[in-house]
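Given these sequences and hints, build the entire structure.
Here is what each chain is made of, one letter per residue.
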Amino acid sequence: MKFSFTAEQEEFRSVIRRFLEAKSPTTAVRKQMESDRGYDPAVWRSLANDLGLTALHIPEEYGGAGFGVTELAIATEEMGRALLCAPFFASAVMASSAIVHAGSDEQKQAYLPGLASGETIGTLAVAEPDGGWNAEAIKMSATAAGAVYRLHGAKSYVLDGLSASLFVVAARLANGHLGLFAVPDTADCVTRRPLKSMDPTRRLARIDFDNTPATLLGSPEGGEAAYAKTFDTMVACLACEMAGGAERLREDALEYVNMRVQFGRSIASFQVTKHKAADMLLEVELAKSAAYAAAAALDDGDADASAIVSLAKAGASEAYIQTAIHAVQMHGGIGFTYENDTQMWFKRAKASEVFLGDAAWHRERMLQNWSA
Amino acid sequence: MKFSFTAEQEEFRSVIRRFLEAKSPTTAVRKQMESDRGYDPAVWRSLANDLGLTALHIPEEYGGAGFGVTELAIATEEMGRALLCAPFFASAVMASSAIVHAGSDEQKQAYLPGLASGETIGTLAVAEPDGGWNAEAIKMSATAAGAVYRLHGAKSYVLDGLSASLFVVAARLANGHLGLFAVPDTADCVTRRPLKSMDPTRRLARIDFDNTPATLLGSPEGGEAAYAKTFDTMVACLACEMAGGAERLREDALEYVNMRVQFGRSIASFQVTKHKAADMLLEVELAKSAAYAAAAALDDGDADASAIVSLAKAGASEAYIQTAIHAVQMHGGIGFTYENDTQMWFKRAKASEVFLGDAAWHRERMLQNWSA
Amino acid sequence: MTEMTEQQVRDEVRAFLSQNWDPNRSLIEWRNILVDSGWGAAHYPKEWLGKGLSAAMSLVVDDVFREFEAIGAARMGIRTLAGATILNHGSDMHKRKFLRGILTGEETWCQLFSEPGSGSDLAGAATRADFKDGKWVINGQKVWTTSAHHAHFGLLLARTDWDAVKHKGLSYFIIDMHQPGVDVHQLKQMNGHASFNQVFITDAVIEPEFQVGELGEGWKVATTTLMHERRGADGARRYEQKINRPERIYQEYNEEVDHLLAPYIWYPQRTGRVDLLIEHAKAAGRYGDPAVRQEIAKVLGMAKAAEWTARRARAAQNQGKPQGPEGSIGKLAASHVARAANRVHTMIAGPNAMLTGDDSWMDGTIAEILVSTPAISIAGGTDEIQRNIISERILQMPKELRTDTDRPFREVPRNQVG
Amino acid sequence: MTEMTEQQVRDEVRAFLSQNWDPNRSLIEWRNILVDSGWGAAHYPKEWLGKGLSAAMSLVVDDVFREFEAIGAARMGIRTLAGATILNHGSDMHKRKFLRGILTGEETWCQLFSEPGSGSDLAGAATRADFKDGKWVINGQKVWTTSAHHAHFGLLLARTDWDAVKHKGLSYFIIDMHQPGVDVHQLKQMNGHASFNQVFITDAVIEPEFQVGELGEGWKVATTTLMHERRGADGARRYEQKINRPERIYQEYNEEVDHLLAPYIWYPQRTGRVDLLIEHAKAAGRYGDPAVRQEIAKVLGMAKAAEWTARRARAAQNQGKPQGPEGSIGKLAASHVARAANRVHTMIAGPNAMLTGDDSWMDGTIAEILVSTPAISIAGGTDEIQRNIISERILQMPKELRTDTDRPFREVPRNQVG
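Chains as they are written, first to last, in our numbering: chain U, 1 to 372; chain X, 1 to 372; chain Y, 1 to 418; chain P, 1 to 418.
Any given hint might turn out to be false.
Stated by the list, open to error - On the chain X side, residues computed to face chain P include the following (Cβ under 8 angstroms):
hint: 1; residue: Y157
hint: 2; residue: L173
hint: 3; residue: K196
hint: 4; residue: M198
hint: 5; residue: T215
hint: 6; residue: S219
hint: 7; residue: V261
hint: 8; residue: V328
hint: 9; residue: Q329
hint: 10; residue: F346
hint: 11; residue: K350
hint: 12; residue: E353
hint: 13; residue: V354
hint: 14; residue: F355
hint: 15; residue: A360
No lab work stands behind these hints: they were computed from the structure.
All residues carry an ideal CB built from backbone N, CA and C; glycine is no exception.
In structure tokens:
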């Protein structure tokens, strides 16, 4: 496993960071999080066309750039840092990975170029109103009706479910296997409802399918394996996104205490503040290391990759919210106000804590996948 | 439930504290913990005859003083504070409670006066080599042979098992019920082996019973209820003992940092040391409150008493070892040496963490017994 | 003259209420009668609208009011602190002008101490009061001000001498909030509520007679206000309860309560709502999960132990024992409990923790917990300040070195604000 | 003359070993040959028993030695620090007298810096060196001294000027440990091992020529020793491994290793032995318990993340990148891991955690973990010192106010010892 980024990867990160500093300062984030759509289409186009980020992890033969999980994760880390409002995670990570891993060659040709160019905004609908992201929890049924299938049931916590024009939906086939299905937003019998998201920078929706026509991606037996790979990819990217957000919180809190005076001296000169800052550094660096290892393990095809991915998510779940709690505390009263930016990352940390499975669930998954 | 001690109880505590300060300073503890016997018979006699502590919780009609769990727990709290080496917990808490709760009137007349006077040293053998203190884990069998029973199997972690002259043994009857049995140390077919105790102030033994004659205490159906009451009493007393030890550690560490200079200033003037001392105070006070509440709940016959008892033990398990870890750390290198007294309480804290069930087990027991 | 006996008080209050209490009066009419009688603030001196009773004896008065379900004088909010401060340090004019309005509830007060530049350090106030043309001219910012948006008067701490040391350059004023130059902005919190205000003061004017106490003695006067605030922290937090009865006066009173409590409706959620953990776990189908049960038991254990610690403290107080350490750790324990409860509610909620409002469990209560607990370790003295206090006052450890208290305030480093 | 190329070094070492290496020699005989050749300490200057090679190039020498399974010069323990300090600051006499014995292993060294009165504060040493009748007379106590019980010489930091400020009143000496007035007592730890000594020095004598560096410059010399100690903290901790071969020299070498490693045999246990968690849980029948699994996964996750963080740091170093924060947090992470692992081993062991020796799981290893992890957060810089370093050096936060460094040392408050 590699433990450093190449010069190209470092440069790639710098480009994204500069882009997001310009396009997604907190003023822009506040504007988008209070908007109806929830993101800025101009930024989305620029991110797709100028930086090519939507194409990152899609193979070259389908219009993508063919980069690994590591590069995709660098992008999400930077987006987590900037708290970018955009359907990137839903489309370029979740939907794209699902189609890459599940689709037939023909299906990839049909769907991936649009996702790669950013023209299509996709998402992946897995969790149901009472369930999580584990394959066994999926109860929605898909019944075969000739060449197409029909979906019946509800999906919840669907990321960017209102913005998406293409749904990949996990449902249970008559043979008991899991299937991943493509459903365009133009399909009949799809009802979308926005959910009230605690984190307004990341929109969620509930989607009801009532006899909705859908295309099975790949074979009727391959769904589990495809979903497992997809899930690992998206969890690794989420862990990196969370590490990026945590690092930003840590840096901003440090900057604040360095600037701030109390009792006639810098708050940063109080030993307790210093030690808290040291502990925050430790937590964030460990979270980063685990998240990077997760992406690298997937790119390496490491036998323990699923375990490492879950390790990273469990660690990120704890580290991000813990850093957010410390960051609010270090700001004092002002940190609890809406006008202070800390709260925006706090809410992202809180939502990310459970998104794609919470720490306890990932710890159990980690041990079950641990070969050692 | 009462949340304060009466003037009499406060005075009672002072008497014990003065006694232990005189009879069980750390020099004496070190001497006993390195001795073969493990305690000083002269101190034991004085504790029994002069202070009457062995008689505390035994009803007056059987030679006891008839005090409640609260008074018994005050005694164990002070002994935990002083780290007294003596078979008090085994005899005056465990064995005495078991006989009080399980024995027939005749049996109480037979056994309790000797325990009350301190002439008899009793203990209670419950845990087996692979088990814990929960009734369901008891596998040792007791077969009826006329008026007496015969015991077969091994007990481990038997407190003061080498010093005791009377064993109360938990075993499974043919009817599936639990039975508590009295076995004198003069019985045939009892093999005792000292176990190497991490905490040398609290000796443990393994005892093998091989067709050993034994007297069933009470009826063949009453064992579970009697053991449940006994167990609650001993756990409440242990929680108080642990709180007492934790408080002593906290006070000694505070005294050390107040006395100690580094970088030309008192260690106690460093903000991080101050905050750690505040956190230790919080932890110890919460542990004390819970332990006191456990004893009070038993005296009151509170419906939630078993839950409160387990809450107190779970809390004490965490607080005692945490306080010990902080205390070593506050002493620095010297705190890790054998010659510094902190290590003696550290080992007691570590052993107490699991004695009579660890924090996790008690948390589960707490919820199962919670009526709210 | 000796103090009345308890029975005499009871008899007199009963006689007064029997004769005067009428729930069909308007609230203001009744309170004016009450204030004239002296029973509205029995612990005030006789010459200032009271009866000169001790605090203990005035609890007896409350008792009789409850018998009659009679409404008492207004006492929620900052007004009580204003009354106490004015009685202690105010001039006769202040007492004449303000005490009645305080007691009838017709005039509302706010406290202008905290500033954006000095959160935990109240004596570091840098709002200026400059004496020009016979008047005080005020400039600065205040923050964390409850009820400023509907207050008539403010208790203002401002700096009148920049060459004096920190605690000696402050003076204390009563400021008319309804004047040009006083701008009140609601301060929204991360949980969406707006419990506090920022107050921007620009060339606002105070007549010299509205200074309270001596020039440069403002910190001393503020200490009185703060002492009453702390004393009330347990007592006054028993916010008034609404009374569910149909008569006119109850309706008016309930409106008053609603109005004053509005900023605080999320306060229960900032404690972490340990009381809801088991209910939430059962509702979410997670109560059988051993890992969840461990976490619930941890929090429940900590919360119960904290509650019992508080009761130990109260029991000791009631027995007249000296205050032990158990009385000082409650606030810090509450922070731990709230933070841990947040974690466990999140664990129980699972994906639902991403939602808010009525998409969240228990009609949004769970979501409100998740974004409200960070307040508990900040408001009313941060955890760090609590640990300083515990270590210095209870454990008698050395005080932090101070570099700001013994030199002219203008030389003390401070934050640039605004 | 230019430095040799890697190939030249390889060739020369191979030639030398082919001719001279004979595992049937005695260890001392061989090391004398080695020292004479210059290949025993190739990074020492040519005039002082070395070859003047760079540190990197001397790794090549090690490489060739491994090819031959040849034993190198002695380098475990404090001797390496003694050699480096003498080379940097010692006189020619020191070099002549000590370097050979250091390299052959015939003479053993110890470091006399720490004192009971100054744990984390080495420059606060208060051991006296008084100049009387042409000799230095030493009085004081030293502590945390490894190998002092069999050392021939000690590196001593002692105070020669009590009117100078803290860091300027110290001088550095080489003290003969085998003299009256030097008493070494083993210091037993709570886990029963005795890895350290206390050294009581009473009127011990040092001839003036065994002062190292200038008078009053002892702290500067000590800094060299400490720098080599820190640099070795990663490298030298790869303690020498025993070699399982029958010839005489290996037997003697293995005895040396055993002897020197004896104080450290419990060191693996102070890390918490995360590697044993799953094995322990399976052996104890607890691996199926969901609550236990949660705790194992937490520790394992933390330990893995810490390991990967260390590898990130090494990878960056290998690429010549500036050191990032990831290099400084390893020690603190190790403390967290060890403490958490102790908790989980306890949870797994259940009642067995009360036992020790061969009554404990895994033949006492588990018990040894339980009473050894507290060392990890103290030895080699406490967690508190680590956090100070991280916040001040990595995060560039303000330094703690010092009151001890700018006045005569005799006026600085210090601990009374003994």
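Evaluation of the provided hints:
A least Cβ separation of about 5 angstroms between X:Y157 and chain P falls short of the 8 angstroms threshold, and the interface hint therefore holds. This hint is violated: X:L173 has a C-beta 24 angstroms from the nearest C-beta of chain P, more than the 8 angstroms allowed. For X:K196, the interface hint holds, the least distance from its beta-carbon to any beta-carbon of chain P being 4 angstroms, beneath 8 angstroms. Nearest Cβ of chain P to the Cβ of X:M198: about 4 angstroms, under the 8 angstroms cut. The hint holds.
The criterion of a C-beta within 8 angstroms of any C-beta in chain P is not met by X:T215, whose closest approach is roughly 26 angstroms, and the hint is violated. Violation of the interface hint for X:S219 is found here, the shortest Cβ-Cβ separation to chain P being roughly 29 angstroms, above the 8 angstroms cut-off. Contact between X:V261 and chain P, as hinted, is supported at the beta carbon level, the nearest pair being about 5 angstroms apart and thus within 8 angstroms. For X:V328, the suggested interface contact is upheld, since its CB lies about 5 angstroms from the closest CB of chain P, less than 8 angstroms.
The restraint placing X:Q329 at the interface with chain P holds, with a minimum CB-CB distance near 6 angstroms, inside the 8 angstroms limit. Nearest Cβ of chain P to the Cβ of X:F346: about 7 angstroms, under the 8 angstroms cut. The hint holds. Of the supplied interface hints, the one on X:K350 holds, with its beta-carbon coming within about 6 angstroms of a beta-carbon of chain P, less than 8 angstroms. For X:E353, the suggested interface contact is upheld, since its CB lies about 6 angstroms from the closest CB of chain P, less than 8 angstroms.
Annotation: X:V354 was flagged as interfacial toward chain P, and the flag holds, the nearest CB pair being 5 angstroms apart, inside 8 angstroms. Using the Cβ-Cβ criterion of 8 angstroms, the hint placing X:F355 at the interface with chain P is satisfied: the shortest such distance is roughly 6 angstroms. A distance limit of 8 angstroms between C-beta atoms decides the matter here; for X:A360 the minimum to chain P is near 5 angstroms, and the interface restraint holds.
When held up to the earlier numbered hints, the structure conflicts with 2, 5 and 6 and fits the remainder.
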